[in-house]
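**Student:** Mind docking chain H on chain S? Use the hints.
Protein chains: 2
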Amino acid sequence: MASDHIVTSYDEELTELKSKVSEMGGLAEAQLENALEAMQRRDTEIASRTIEADFRVDNLEQEIDQFVVQLLALRQPMASDLREIIVALKISSDLERIADYATNVAKRTMTLAHSPQVRPAHAIPRMARLALTMINDVLDSYADRDTQKAIAVWHRDEELDEMYTSLFRELLTYMMEDARSISSCTHLLFIAKNIERVGDHATNIAEYVYYLVEGKPLLQSRPKGGENEYERLDLPKSQA
Amino acid sequence: MASDHIVTSYDEELTELKSKVSEMGGLAEAQLENALEAMQRRDTEIASRTIEADFRVDNLEQEIDQFVVQLLALRQPMASDLREIIVALKISSDLERIADYATNVAKRTMTLAHSPQVRPAHAIPRMARLALTMINDVLDSYADRDTQKAIAVWHRDEELDEMYTSLFRELLTYMMEDARSISSCTHLLFIAKNIERVGDHATNIAEYVYYLVEGKPLLQSRPKGGENEYERLDLPKSQA
Chain S
19 MASDHIVTSY DEELTELKSK VSEMGGLAEA QLENALEAMQ RRDTEIASRT IEADFRVDNL
79 EQEIDQFVVQ LLALRQPMAS DLREIIVALK ISSDLERIAD YATNVAKRTM TLAHSPQVRP
139 AHAIPRMARL ALTMINDVLD SYADRDTQKA IAVWHRDEEL DEMYTSLFRE LLTYMMEDAR
199 SISSCTHLLF IAKNIERVGD HATNIAEYVY YLVEGKPLLQ SRPKGGENEY ERLDLPKSQA
Chain H
19 MASDHIVTSY DEELTELKSK VSEMGGLAEA QLENALEAMQ RRDTEIASRT IEADFRVDNL
79 EQEIDQFVVQ LLALRQPMAS DLREIIVALK ISSDLERIAD YATNVAKRTM TLAHSPQVRP
139 AHAIPRMARL ALTMINDVLD SYADRDTQKA IAVWHRDEEL DEMYTSLFRE LLTYMMEDAR
199 SISSCTHLLF IAKNIERVGD HATNIAEYVY YLVEGKPLLQ SRPKGGENEY ERLDLPKSQA
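Chains S and H, in that order, give the protein sequences.
So for the first sequence, my numbering puts the first residue at 19; every next one is plus one.
So for the second sequence, my numbering puts the first residue at 19; every next one is plus one.
Hints may contain errors.
What the hints assert, rightly or not - List time: in silico DSSO-like cross-link candidates among lysine-lysine, alpha-carbon distance up to 30 Å:
hint, chain 1, residue 1, chain 2, residue 2
1, H, Lys-211, S, Lys-108
2, S, Lys-36, H, Lys-167
3, S, Lys-167, H, Lys-108
4, S, Lys-108, H, Lys-38
5, S, Lys-211, H, Lys-36
6, S, Lys-234, H, Lys-167
7, H, Lys-234, S, Lys-108
8, S, Lys-38, S, Lys-234
9, S, Lys-167, S, Lys-211
10, H, Lys-234, S, Lys-38
11, H, Lys-167, S, Lys-108
Said to hold, decoys possible - What follows is a list of derived Cβ distance ranges for each label pair:
hint, chain 1, residue 1, chain 2, residue 2, range
12, S, Ser-37, H, Glu-188, 37 to 43 Å
13, S, Leu-92, H, His-173, 42 to 48 Å
14, H, His-173, S, Ser-27, 38 to 44 Å
15, S, Glu-34, H, Glu-195, 40 to 46 Å
16, S, Gln-58, H, Glu-195, 29 to 35 Å
17, H, Ser-27, S, Gln-58, 57 to 63 Å
18, S, Ser-37, H, Leu-92, 24 to 30 Å
19, H, Asp-76, S, Leu-92, 31 to 37 Å
20, H, Ser-66, S, Glu-81, 22 to 28 Å
21, H, Glu-195, S, Glu-81, 34 to 40 Å
22, H, Asn-154, S, Asp-29, 44 to 50 Å
23, S, Asp-196, H, Thr-33, 27 to 33 Å
24, S, Lys-36, H, Ala-97, 42 to 48 Å
Keep in mind that the hints were calculated from the coordinates and are not lab data.
Cβ atoms here follow ideal geometry from the backbone N, Cα and C, with glycine treated the same way.
For reference, chain S alone in the conformation it holds in the complex (with noise of 0.2 Å):
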């Protein structure tokens, strides 16, 4: 009986951990879609209260450390059980990464909210579009254990990083034609780039859920997209 009743309350433990990860990825997920919200309407009501509950994604993030060192301590766990412990701990850090990057566009939106609007406001929308289905369907792969759906994220960050690439030369030639959207432009990119991250962790989560599935890494190579940010982008001829 008692050996029974240890087993039970084990086993509620780690779908304790699994929901409270799939808590803290609902949250981080939340906190990108109001950052990009507030972006997207210039309002800054929505983007200040962004920044100020970002300290629930960390303090979400702590307690799972803490329950997974608790877990490792207390349990001892081995083979499946050890996997879906570890990679709490690694997805856990994932989103609290990209509650991170919601954060920073926020902040940034309190900036771009006083200053004139640029005209590539459509391309980030999209950006940001992607990156919000990739996290939705990252975290229901995780909750579902679902490896196809890992596997179609994780493909689909090449597409996020080609529109980076993209956008990133389109915004260089509006800050070419004019010197005064260079300041926003500056933050729209840095924005960019953001989104462009949050893919590379919903990316690194798939791995994890992969991993924890099927005992073994996900080996294929990784898509690398958005190498051609690194080309020079010369100066349009007329302004040469």
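**Tutor:** This is chain H only, laid out in the frame that chain S set:
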């Protein structure tokens, strides 16, 4: 006898884990040093060697991850040994990010080497030296279990953030003054941001060292510099 043997071998494994983390730290530090030297000398040879060597850091991270899972499964560690293992996992993930930033600096250097030189080449090396000192010190603090040194690194991050903020404004001014510098300045902005992020990761490592030695988190509130980056930089009146 048998039990004695197992105990010794477990200690050896923990020592090996610690030395793997230090080795990875040395490698990440060397990668950053090379990337920054390449940037200063506009040396595409060093930059390209740095980019190629990044896989060695990634491989070490994977080795550490696997070693950690193996130690947790086979040794079922408690208390301070468990902290040692968890902290190794956390630090290696920060070191991997630091090496990634070094690769990013090297890639941008490949581009910058073919562009006209931009003025603020002195401010970035200053930031770079500080970031390298922080990494070097925090790795020493890990090797020597020296919390005082770790706390000192933690405090220096504020200085790095302030240097970044001031450089950010300087670079924006250059871009406004000369549209031909926009592409190069943008790469320099991202390089500076990468160095600033390296400081954040050194700060994370400092926190892990403190937790490792003291068994409790460093509870001071983290210095938050660099916020001025988000202020609006107005166009100089002469160009408005």
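**Student:** None of the hints should be skipped; say for each whether it holds.
**Tutor:** Tested hints:
1. H:Lys-211 <-> S:Lys-108: holds, 24 Å
2. S:Lys-36 <-> H:Lys-167: violated, 37 Å
3. S:Lys-167 <-> H:Lys-108: Satisfied, since the Cα-Cα distance of roughly 27 Å is no more than 30 Å.
4. S:Lys-108 <-> H:Lys-38: holds, 19 Å
5. S:Lys-211 <-> H:Lys-36: This hinted pair is violated, its Cα atoms lying about 34 Å apart.
6. S:Lys-234 <-> H:Lys-167: Between Lys-234 (chain S) and Lys-167 (chain H) the Cα gap is close to 38 Å, so the pair fails against 30 Å, i.e. violated.
7. H:Lys-234 <-> S:Lys-108: holds, 20 Å
8. S:Lys-38 <-> S:Lys-234: holds, 24 Å
9. S:Lys-167 <-> S:Lys-211: Judged against 30 Å, a Cα distance of about 25 Å means the pair holds.
10. H:Lys-234 <-> S:Lys-38: Given pair Lys-234 (chain H), Lys-38 (chain S) holds - Cα atoms ~22 Å apart, limit 30 Å.
11. H:Lys-167 <-> S:Lys-108: Roughly 27 Å separates the two Cα atoms, so the pair holds.
12. S:Ser-37 <-> H:Glu-188: 37 to 43 Å: violated, 48 Å
13. S:Leu-92 <-> H:His-173: 42 to 48 Å: violated, 35 Å
14. H:His-173 <-> S:Ser-27: 38 to 44 Å: This hint holds: roughly 43 Å between Cβ atoms.
15. S:Glu-34 <-> H:Glu-195: 40 to 46 Å: Once the Cβ atoms are compared, 58 Å apart, the range 40 to 46 Å for Glu-195 (chain H) and Glu-34 (chain S) is violated.
16. S:Gln-58 <-> H:Glu-195: 29 to 35 Å: holds, 32 Å
17. H:Ser-27 <-> S:Gln-58: 57 to 63 Å: Holds, at about 59 Å.
18. S:Ser-37 <-> H:Leu-92: 24 to 30 Å: Holds, at about 29 Å.
19. H:Asp-76 <-> S:Leu-92: 31 to 37 Å: Taking Cβ atoms as reference, Asp-76 (chain H) and Leu-92 (chain S) lie about 33 Å apart, which means the hint holds.
20. H:Ser-66 <-> S:Glu-81: 22 to 28 Å: violated, 44 Å
21. H:Glu-195 <-> S:Glu-81: 34 to 40 Å: violated, 49 Å
22. H:Asn-154 <-> S:Asp-29: 44 to 50 Å: holds, 46 Å
23. S:Asp-196 <-> H:Thr-33: 27 to 33 Å: violated, 60 Å
24. S:Lys-36 <-> H:Ala-97: 42 to 48 Å: With a Cβ separation near 26 Å, Lys-36 (chain S) and Ala-97 (chain H) fall outside 42 to 48 Å, so the hint is violated.
The structure is inconsistent with the numbered hints 2, 5, 6, 12, 13, 15, 20, 21, 23, 24, although it conforms to all the rest.
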